[in-house]
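One line per chain: the protein sequences are A and B, in this order.
In my numbering, each residue carries its 1-based index in the first sequence increased by 1474.
In my numbering, each residue carries its 1-based index in the second sequence increased by 5.
By construction, these hints were calculated from the structure, which means they are not laboratory data.
None of these values were measured; they are calculated from a predicted model.
Possibly wrong hints are sitting among the right ones.
Under the rule of at most 30 Å between Cα atoms (straight-line distance), these lysine-lysine pairs were calculated in the DSS-like manner [said to hold, decoys possible]:
no.: 1; chain 1: B; residue 1: Lys56; chain 2: A; residue 2: Lys1500
no.: 2; chain 1: A; residue 1: Lys1500; chain 2: B; residue 2: Lys61
no.: 3; chain 1: B; residue 1: Lys108; chain 2: A; residue 2: Lys1487
no.: 4; chain 1: B; residue 1: Lys108; chain 2: A; residue 2: Lys1500
Stretches of chain A that chain B covers, calculated by requiring three or more beta carbons in the stretch to come under 8 Å of a beta carbon on chain B [to be verified]:
no.: 5; stretch: 1512-1518
no.: 6; stretch: 1577-1583
Glycine included, C-beta positions come from ideal geometry on N, C-alpha and C.
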Amino acid sequence: DAGVTQSPTHLIKTRGQQVTLRCSPKSGHDTVSWYQQALGQGPQFIFQYYEEEERQRGNFPDRFSGHQFPNYSSELNVNALLLGDSALYLCASSQTRGAGDTQYFGPGTRLTVL
Amino acid sequence: GQQVMQIPQYQHVQEGEDFTTYCNSSTTLSNIQWYKQRPGGHPVFLIQLVKSGEVKKQKRLTFQFGEAKKNSSLHITATQTTDVGTYFCAGPDSGYSTLTFGKGTMLLVSP
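Please model the entire structure based on the sequences and the hints provided.
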């Protein structure tokens, strides 16, 4: 049973470019959440997708957008990259049962913006 | 919004010494979760505490949830080098299964 997978593992972009990160949830999970983890910080919630819709959003600008597909996989898109977007982007999957369900994290995508 | 604070930010111990990290939330939590992140890795779920005053043990790790459900602690007895990593507590935001994480406590264990 595969856990949460993410691609790519590492990515280097320059300011102003756009990036797409991908996530496949753990088998049986229907909810995908995205987090940004800057160096030395805890993960910060970006948004959550359920039933192919953005269900909840954290304090991130509209440059951050996402999508969930019918197979529950998800993408995170970031437009007009800034140096401050350099971080580890974590995808977490869960089953929708209520607040605080255990989140299973993927290995993350390390994004570097030059 | 909800804030989760952890102390200390960093602790360096000798192998065999005990270690404790503390977590405080600005709001009452329905539950609290603990995660461990090894250097270069991703957060891995350790445990979830739900009940007021709950205490759970996992081998050398002891987790407590405060009576007011606003604070929690993780205590490691007789640390080992395999305990190295950053320990995060996280509380759910109201409504859905999203989490607010503390900044974590980085534990370094010297042999």
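Q: May I ask which of the numbered hints given earlier this structure violates, with the numbers listed in increasing order?
A: Those not satisfied: there are none.
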